[in-house]
Each structure stands twice: as C-alpha cells, then as structure tokens.
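Construct the complete structure from the given sequences, taking the supplied hints into account.
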Amino acid sequence: MQPPPRALKALTWVSAGLFAVALLMTLFYAPREAVMGDVQRVFYFHVASGWVGALAFLVAAVAGVIYLVRGSRRWDAIGLASVEIGLAFTLANLISGSVWARPIWNTWWTWDPRLVTASVMELVYIAYLLLRQGLEDPDRRARFAAVYAIVGFLSVPLTFLSIRIFRTIHPVVVGNNDPTAQGTFDMTPPMLQTFLFSLFVFTVLYIVLLWHRVRMQALAEAVEQRKMKMLSA
Amino acid sequence: MALEGPAQTFNYMLLGYAAILGCIGVLLISMIARYRAMQRDLHMLDELEAQGKH
Chain A
55 MQPPPRALKA
65 LTWVSAGLFA
75 VALLMTLFYA
85 PREAVMGDVQ
95 RVFYFHVASG
105 WVGALAFLVA
115 AVAGVIYLVR
125 GSRRWDAIGL
135 ASVEIGLAFT
145 LANLISGSVW
155 ARPIWNTWWT
165 WDPRLVTASV
175 MELVYIAYLL
185 LRQGLEDPDR
195 RARFAAVYAI
205 VGFLSVPLTF
215 LSIRIFRTIH
225 PVVVGNNDPT
235 AQGTFDMTPP
245 MLQTFLFSLF
255 VFTVLYIVLL
265 WHRVRMQALA
275 EAVEQRKMKM
285 LSA
Chain B
46 MALEGPAQTF
56 NYMLLGYAAI
66 LGCIGVLLIS
76 MIARYRAMQR
86 DLHMLDELEA
96 QGKH
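Line by line, the protein sequences are chains A and B. For the first sequence, the working numbering begins at 55 and goes up steadily by one. For the second sequence, the working numbering begins at 46 and goes up steadily by one.
For the record, the hints were derived by calculation from the structure and aren't laboratory data. One thing to keep in mind: the hints can contain errors.
[Said to hold, decoys possible] Cross-link-like lysine to aspartate or glutamate pairs, in silico, EDC-like; alpha carbons within 20 angstroms at most: (1) K281/A with D193/A; (2) K281/A with E190/A; (3) K283/A with E190/A; (4) K283/A with D193/A; (5) K283/A with D91/B; (6) K283/A with E94/B; (7) K281/A with D86/B; (8) K283/A with E92/B; (9) K283/A with D86/B; (10) K281/A with D191/A; (11) K283/A with D191/A; (12) K281/A with E92/B; (13) K281/A with E94/B; (14) K281/A with D91/B.
[As the list claims (entries may be wrong)] Which bits of chain A does chain B cover? Going by a derived footprint, with three or more residues having C-beta under 8 angstroms, they are: (15) 85-95; (16) 98-105; (17) 135-145; (18) 262-271.
Glycine included, C-beta positions come from ideal geometry on N, C-alpha and C.
Right, here's the structure in full:
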C-alpha cells in the first residue's frame, strides 16, 4: 500500500489539533449553564456526534446511489466506511445523551420518540454490517448494501424530525424558533461559537476518518485478491 | 424551594465525555488493529510468494 498522501497526513494532524481546541473550548470557553451545571457541556460533542452520524449515513446513501449507477467498487468501499464511522458517532451520541439525561430527566433512558428513533437508526445500520457479513459474492454484497443504505437512510430524517412530529421532552436545537418545536434551547454567544466550532471540527474529523478507512478498504481488497490468487495457483 | 446555583453535575460531565471519547477511541483502535493485521497478512503473502519461487 502506498504511504498516505501529504494532504491526508496534514489533515490528520490538523483534525487532532482542532479536536483538542474544541475540547478546551467546551471546558473553559463556554460558560457553565445556569441550571444544569457542568453536564450541559456534553451538549457540544453530543450534538456534533449526532450530526456526524447523520452525515455519514447520508454519504453512505449517496455512495449507494452512485454505486448502483456506475458499478464502481470504490463507492461500495465509501459506503461501508461511512456506515462504520456513522455507527461509532451515533453510539457516542446515544450514550452521552443517556448520561446527560440521568441528572436532568432523572433517568438513564425513557421511551421518548427521539431516543427511540435514534436507537432504531443505530440498529438499522448494525443490520447493514450484518447483511454484508452474510453475503459471499462481492458484487451481490455491494448491490444489496447499496440498496440497504438508501432505504435505511429513511431512519435519519425520521430521527431528526421526531422531535417535531411527536410529543417529546428532547429539546430542539436546530430551528428552535419554529412554533411547532416542542422545546426550546437558548445559547449565549460563547455557547453558540463553541457549538458551531464543535460541529466544524467533528465534520473535519469525519472526513479524515473516512479517507483513512476507504484507503484501508482498498488494502483489504488487495490482500483478499492476493490470497485468492495464491489459493487458485 | 429555589435552586441555589447550578446543579452539581460535574461527574456526569466527565462520564459524558468519557463515553464520547471512548466511542471515537474504540473506532480508532479498531482501525489501527485491522490495518496492522492487514500489513501482517501482506508480509506473510510476500514470504509465501518468495518461498514459492525458490
């Protein structure tokens, strides 16, 4: 495998630095919330993780469409890589939300529409990986995975809109001026700056991880092909 | 009864950060472990090919 391109190396270090800055901002720049106290600081990375999860599943769906149109295995690799990353970040979102809920809602878990739809979304994409494991033929696996990623993406807007469609105790962060929103969330300027910076940093982190993971998948396929060649010789 | 100052939730904040950093860390470790395993496989394949030529 060729060494990583300079741009990827540089972006990796930049993302690590940005992540450290974002962490420091959430801890020291953003003020302590007046009622909830320090646990509210989890919000910045909690939402950013959820954003990366949704973005990753969107990319997987788009990669699925492009794979079905062009049939290039590269897009299958992008879809798989994106789903893996999305699963990790959605899990981070779910667990951190549960930790935040404990002191604020007085429970680790409640059958709230947002929590349920987010958990279902995570399960939908775990099933994506299981589906891939169950299919031997690479072309068939890629085709099924592409269709699954497109259909599975329905769970993402459903999760996003669940706090507007259903009665819920989960606060609305994006578009909370909407009169149909069930809850509100006011931020001071330092809070908003930290929030937007965290979203930016997590997006950069996603791009870096995706790039590394797609390269890894290319290596995995090369190793697999060499193994097959040796076995058939 | 009125609340006196913010709620004392520092430990929950630490737990929340641990959860987020833990998930990202597990993803990174998994990627590094798989990459190293593939490098080992490649090395082994090179050795097998070299033995086959002799």
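Q. Against the structure shown, which of the earlier numbered hints fail to hold, in ascending order?
A. none
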